[in-house]
Every structure is written in structure tokens, then in C-alpha cells.
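Colleague: These are the residues of each chain, in order.
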Amino acid sequence: MMKDLKQDSNGVKSEAGNTPRVIVFACKWCGLIGADAAGRKHAQLPAGFRVIPVECASRIEADAVIRAFSSGIDGVIVLGCHLGGCRFNAANHRTAKKLKLLYPLLETVGIDSKRFLLSFGTAHEHHQFEDLINRFYQGLQRLAPMDAWSGSYLSEMGQR
Amino acid sequence: MAADIKIGCFLCRCYGEVSRVIDLDELQQEIIRFPWVAFCEIWDSLCLLENIDELTQKISESGTDRILLAACSPLARGDVILHALERHGINQASVELVDIREGCAWIHDNQPKEAMCKARDLINMGLSALKQREVSENQIIVPKREVLIIGAGPAGMSAAVSLARLGFAVHVLDRARNPGGLLNLLKRIAPEDIGAEEDLHGLHKAFTNNALVYYHPGARLISSNGSVGDFAVEFKTGDNLHSVRVGAVIIASGARVMFAKGLYRYTELDGVVSGIELERRFLSGDVRADNVVFIQCVGVRDVNSPYCSTICCPVSLKHARQLKDLNPQAEITILHRDIMCPGNILEAYYRDTMQDGVKFVRFDLNNPPSIVGDERLEGVNVFESVTGISRTIRADLVVLSSALVPHDDAARIAEIFDLALDPLGFYQVRTLMHPLETTRNGIFVCGSARWPVLARTAIVQGEAVAMKAFALLSQDSLAASGMSQFRDRKIAHAIVDRDACTGCGNCVAICPYVACALEPENGAFKSRVNIMRCTGCGSCVAVCPNGSIQLPEQNARVIGAMLKNAFS
Amino acid sequence: MSIVNDARAIVKKLLEEKQLDGVLGLSCKHDEPVPFVFESPEEVDSLVLEPKWLFAKLAMNIVRTSPADFRLGIVCRGCDERALIELIKRNQLDEKRIHVIGMACSREQAEACLCTRPYPAIPHLGEKVQGVDPREEETAKAFLEGETIDRMQRWTKELARCIKCYGCRNSCPICVCVPCKLEDDLWVRRGEIPADMVSYHLIRAFHLSDTCVACGGCTDACPVGIPLMLLQIAMRESLAKEYEYEAGTDPGRLSPVLSDLFVEPCEVYEEPGWPDSFKVSDET
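Heads up: the protein sequence lines correspond to chains A, B and C, in order.
Residues in the first sequence are numbered consecutively from 1, following the working numbering.
Residues in the second sequence are numbered consecutively from 161, following the working numbering.
Residues in the third sequence are numbered consecutively from 729, following the working numbering.
Please keep in mind that the hints were generated in silico from the structure rather than gathered at the bench.
It is possible that some hints are incorrect.
[Said to hold, decoys possible] Derived DSS-like pairs: lysine-lysine, alpha-carbon spacing no greater than 30 angstroms straight-line:
1. B:K484 - A:K28
2. C:K892 - C:K856
3. B:K291 - A:K28
4. B:K686 - A:K100
5. B:K628 - A:K28
6. A:K114 - C:K869
7. C:K824 - C:K892
8. A:K114 - C:K885
9. B:K724 - C:K885
10. A:K114 - C:K969
11. C:K885 - C:K856
12. C:K885 - A:K100
Model the full structure from these sequences, guided by the hints.
Modeller: Here is the structure:
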């Protein structure tokens, strides 16, 4: 039971087989522009991600990221504008600092930090967005699906 | 409320662009089975003019108040549709645009099965978001058509005169007793080469003679309340307290001349003076000197003050020319790290000065010149960065070019108006192409208060902010929903559930626009949002410990519903 | 013990001189030590200082329900005082209404709590001892270090015992919200035992990311013995490293994550190829 969750260092797809499920929180002024540009270019991307657009990345609460993981979502990406270029008067600074604190917490409980990408100003062009999604997926492929993580404790209780 | 929601859905084929990858008919069959969906239609396009008319007709006939459009990206034609619907009276908050073209069909051309799953999920997310969405409150005010201007230097005077000419009353607060600001300390104004006593562009006369300009000399700003369209400001002149209600505030408080303490033996040797001191000497009488050395970049363009003070080079050129006029035989050398004279007028000024025989010697930041002389000034030793030669230039007068630094009152004024100062101490303006507007709506900044500028530029900036203030206040009314910093309409306003609010103050601390404030209530504190200031960024929502502050259009239940329905 | 005598002397004096209207501490006048507000000097003979008992939340409620001129003293350990400061910063308590009588913890207590700062700002009672580093304690270390997969299994096993009694939230001095997100079906699935581990415990832990004072109340309260305080250690270390910030030590400093990078700067980790991205662990 526990052994299926071991990371396969050869980079082969995890036991689950399906494309990892990813939620992308993108602000409309940078991340979404990159996504739109990637779309116009017909960049072919893995189909497992869903975008939730927000007006500003500062709207994204850590609880939503945590809730995403607890629902069995394998990866979360938060895209905001460049740290010097937030239209909402550096609101993204606070987001950066606050969400950055999620990493030590996730690491403590064993949720690999490769599952959570917090990135500012790196996705407003089509190739950047495309590259970001592809590389994130590459990182995820090496990890067991999140379902297994929250599912494993239910098995402990004999409920699976 | 959520139980009675009936949503009307429109799926767009985009003339085949979407339908060749995603089977819209199958999607339609699935969608109409949901009890909260009133109808689901497939159209070839949604964005053409005739489409909009038909859309609005269909929507009003069907009686639904929530619409889902599954079409292209908002950046493509999506926003066009939304704006057009808005003009036909359909609130943007009641329409959800789901991108199944750039966001689905076009990036998963090669995976039609997965694209279908994703389209289904995206539409589910949109439907669930619509069900949870609420509408923000709004506020409409009639703006006060008076403006407060802080400072009566060239920028302040210019703003005042421009606004007065447009029929707006302006209150001008001046710390000094006479208008003119730093111009009052000058003999000549660079690069005009005109005397300061001559009225700069007739500005002084226009300022003093215009009945709509209320000049308050010797004023001190005390407090300010309110927001754009209606600021209540208190100030004192002497012992008298005044109160004004204005629609906008213009900060034109200027900058201060730096005191070169500890640099180049300033105040130790008689022969070492500052640029502003030299100016004073010109005002009180002629200055004769045979050997003059100017030192530029004094106390600026280093790691502590990494900026160029703009005025120092033109001013030193001006002084050099004045000295040459008085004594054509004088040996004048300007020691510099770069001569900053942009534009054609200043460039010509520089060339003329060189042709007059003034010498220019370049030194490096790491190897500044040093003053030679124990009791009396003898000269200046400089390591020329171009030739690599070190030499001493004879001098009976050394002029340290005076840089401009932030005004000593800047922090206090910023505190009163909840403005931010940049790391150097000048007023901070909004990012991205809004050079004269602060992050507080209705408060503008111009002249050297923002950045050191020459008098001519200060005047132009004063005219510019006057136009911005005029454009803002001449509207019949100001709606909170329109007081975005960069959009025609805000997405939402934050609202506090006062029963749930614990008064922790997180929202107050984090709001980039100082829009939240705590109010005492029964021994506890509750937060309240000033919606004229709120821009709908959502920072407060993200830090509220129990979700008592929300953006109605994108509240926590919307996000939660989208997460729940993201993967079927 | 003499520390108890010192305590009784201090409290008696404060009450006799009418500097305070009441002092919150532990009383042994019944069989078990219970929290008690000593109002007259005679009562103070029953004051005891053991066991560890956190008074911050109790003090907050007493102050709220007592008359406006009632000044309350509190016999406080270091963590308790830090909790009081955090409550003051969050406007839950008026600092003018309370007076702290600080007590430093013993070495044994510090080790039991894995406390890095087992003393208040001013210890009126007891001797300051050096703090303990949780990462040097074997069982704690297993929850914080080692292979990611082993850590995950360890935490999974622990959190599976959770019976969702809400004891951790109730005992935490900082958790005062009514309503609470942990009771909202949107965030934590209701009617499920054990609690949805990821959302219940991680949401709770993250809400305390910048306000946890490491009092150990959560661990003490847990009826099934989950070492909940260990969830907070990494975040506290991150704040200390990035901003030199420790919750509850400076009443004048708000959490650094609430302001922009000009006011409270931090290092922006640049992973090659991911400019402006944040990543804490090193890429192998």
C-alpha cells in the first residue's frame, strides 16, 4: 500500500497513469494574458489543468490552495504579475510573502513543494506560459497523485 | 436564493473554431439536464453586432437573470460581448464568460476527448460560480468642484492658474509668505537665461490676479478626511483654523536643497560654497572669481541616493555662464561624472557653455576629487577618468552643485493623506503609465515633489495635473464602481459581515489603498470598507481569518464551487 | 517552593496596594489547581504555579465581561505573554487593562514543551533557562526532517487518529473567530471523522502561520496525542530567517506578510529558469 507512493526516480509516469490534475489561479493582467497568447498560438498543452481567473493574485487565499490539495488536486499554480508591476499597488507583494509561507508547511507534512508553484511575472507571453505548464507537469509526473496521499490515511482507518 | 437561480446558457461554435474540437451538441444535452439551467442554445457566433441585439432580446424574453457564455477568451472577443451587453443594460456581474476556445479547443486540438472533458468542467465551474455570485453595493456622489493645491512654486502656481482659468476655485497652501517657491531664491532660471524677477511665462501675474485662486501664505496642513470627490481638509494659517471641502488634492510641495554636510570640506573652508549659496551671492551683488571649480553629483548618484537630481548640471552651466559674463577671463572648470542635459534646449546650452571656454573634466564615483588647502582654499585635486592623470586645479572658489532631496514635510503630508513615499522619500505614483497620479484616487502630485525637475517642466506638469483634476471633477457624478485606478468599471467592492468580523485588523493592514478602517462597536472593533477607495483587488479577503470580508462577485463560495467542480 | 512564595508575595503586594483589582492565576483551594481571580490578599495563600496553564484567552474574556475600570493582573509564562501580545495586536484585548507578572519556566518544562523561548520579556519569577531546539529532539525531528515520503507517512498516521474534537482550536489562544472557517462546510467537510486531514489541520496551521506563539496548547489539548505544534515549526523558522520576526515578541510590529516588500523586505528566491518564483527546497 505505501510502496506505490514511492517516487520513481526514473521519471516514469506514476502508478495512477492519468494526467495530473492541476488548478491554475491566474490574474487577468499577466497570467491570463499568457494563457490567451498560448491559445492563439495553438500551443499544445496537457489537458489536465483548469484556470480560475482572478482580478488580482492577491485575491487568492492560502485556504483555497489547501482546499485544492485536499480535494485530490495534484498541483496548484499561482500566477501573478511581476513584483514591480502590480496594477493594484503592490498587492502582489503581500500575496508573494503570504503564500510563500505555504512551502514550509506543505514540506513538513510531506506534500512535495514541486506541487505548488508560486510565480510572478513569468507567464505573460505565450512561450512562457507554455513552458511553465510543461515544466510543471514534468515535475509532477515524478510524484504520486495527491489522491493517494489523502487516500492513504483513510486506508489506515480501514475505510478504503 | 441559490435555489431559484435559472441560468441561460449560450455555447458558441465560433464558426467551427470551437465545434471542430468539442462536440457542443453533446455538451448542450448534458447542460440542459441541470435543474438550474433554464435553456442552452448553440450559436455560430456571439460577438457580431446583430448577435448582440438578438442576445439581449433572448435574455430579456426568457426572464433569466444569470447568463453563461461559453465562447472565446475575454481578450479576444469575450470582453467586447460583455461590454456590449452592459450597454444594453445587462450587468456584467450577471454574466459569466467561459473560455473554451483559447483556453480549451485551441490548446488541446490533438486531444479531443480530453478537450471535451475540460470543456465540460470549465462550463460546470462557470455555472457553479454564477450560482454563488452576488452583487456589490455602489455609491454615487456629486464631486466638489474645488481643488486644494499644496505648494506655490512653479508647479503649484501653474496648476492653480490652469484650474482657475477653467472655472474651478482653488485653495493654494504655501508654507512661505510669497508665491514662487524655490524660484524666490534664484537670480536667473536655467535654461531660460531670464532673470527670476521677470515673470516666468506671466505665471506670477496670472496667479495673483485670478479671483478664483485663494492663496493662503504661511499655511500648515493639519488633517484630511474623505475620498475622491469630497475631501474635508483642515489647515492653519497662524492661529486660525480653516476647513475646506474639495474634490481633488494636488501635491506640489516641491523638494528641498541638500545641505552638503561633511562633503568636500563644506563649511570648513570659506572658498567652498554650495550652488544655492552662490545663487544668493548673485542676488545680493556681483560675484567675481578668477578660478572657479564646480563639483557635480554631490551627495547623489551613489549607493545611498541612487538617483540623478536633474537640475544640478543645467544649474552649474547657468552659474558658469553667469561667472563668465562677469569675468570673461575667469578659468572655470566643471568636475562631473556625466553631464545630464537631455533634449535640444539643454544640449544647446551645454554646447554654448563649452564654446564659452568652460572646461569639463570627468571623474569616477570611486575616486572623487579632493579639496587642497589647509587654512585657505588652494585648489582641487582630481583624477581624470578619461586620461588617467591626476592633477590639481587652482581654485579660489569651489561650488558644490546643490542637489534636490525630498522635502522635510513630505512624510507628514503623506501621513495625512495616506500616501506612500518611494524608498528615496519622494511621493510614489501608481505603477504603469500614470506618472502624476498617486495610489489614492483624487490625489495628484506634480513638480519636484515627485521627482526633481527644472522650472519649465514643473510648469508643464502643473498644467497636466490640472487637466487630470478637471477631467475627474467635471463629471456630473462619480460612482464608486467607476473609481477604479485603470478600468472603466471595477469588478467588485469588498463588504464586511459585521456580525462575523473579529476586528483583528488584518484587512486594515494589508489594503493597498487604505480603504478599510476599524470602528468601535460595543467594546469591540468592526471593519468598514470605504468603497470610494476600494479597488476590488481582494487582498483583504485573502487574509481575513474567518471570511467576514468578501468580494460579492468572487466570494469564497464562488472559488470553493469552482474548485469542487473543476474535475468531474 | 520559594518561587511560589515569591509569587504569593508579589501578588499580595499588588492587591494590597490596590494597583490591581484582581490577579488571574491558579488556586489550589480545592483538590485540583483551577484558574482563579484573586481579589483579596487573603485568598493569595492558595496561589500555585503548576501545572502549566494558559491564561491568555481566559484573561481576554474576563476583561471583556468585567467593568471598564477593572485592572487584571495575570501570572504568565513566556508563551502566555506572547499570546497576550498577539491578542492585543489583533484588538481582542486592551493592553491598558492588564498587567503581566512574568514567570520563567523551568528546564524540565521547556523540554516538555520543546520551547525555544521559555521566558517572558521580564521574568519577575523564576530564572531564565535556555530554550530547546525541537529539531534536536528525536521524536520531533522525525516529524520535521528526513525523507519526504517517510514524513508524509508519519503525519498521515498521526492525523488519522484525529476525532475532530476541536480541542486544538479551542485551546489555541489566538483562535477567537466566531464563526470559524473550520466549521464551514466550504472549507472542511462536515460530518466526517477523522477530520479531512489536509484541509482541517493545514488550514488551521496556516491561519496561525504568522501568529503562533508556540505555547503548545494544541498539543496539550489533543486527546489522542497528535504533536500539532510541530506543524508550526517550519513556518516560524521561515519568518525568523526572512524577517527576523517572532510572533508575540514585539507589540509594535505587525506581521511582516501584511506589508509590501519596501516596508518588510524578504529574499526573493530565484530558481534558474523560473525568475521571480518562490521555492524553498533545493532542486536536486
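Colleague: A separate judgement is required for each hint: does it hold in the structure or not?
Modeller: Hint check:
no., hint, verdict
1, B:K484 - A:K28, "violated (59 angstroms)"
2, C:K892 - C:K856, "violated (36 angstroms)"
3, B:K291 - A:K28, "holds (22 angstroms)"
4, B:K686 - A:K100, "holds (29 angstroms)"
5, B:K628 - A:K28, "holds (27 angstroms)"
6, A:K114 - C:K869, "holds (22 angstroms)"
7, C:K824 - C:K892, "violated (37 angstroms)"
8, A:K114 - C:K885, "holds (23 angstroms)"
9, B:K724 - C:K885, "holds (26 angstroms)"
10, A:K114 - C:K969, "holds (22 angstroms)"
11, C:K885 - C:K856, "violated (37 angstroms)"
12, C:K885 - A:K100, "holds (27 angstroms)"
The structure fails hints 1, 2, 7, 11 (numbered hints given earlier, in ascending order).
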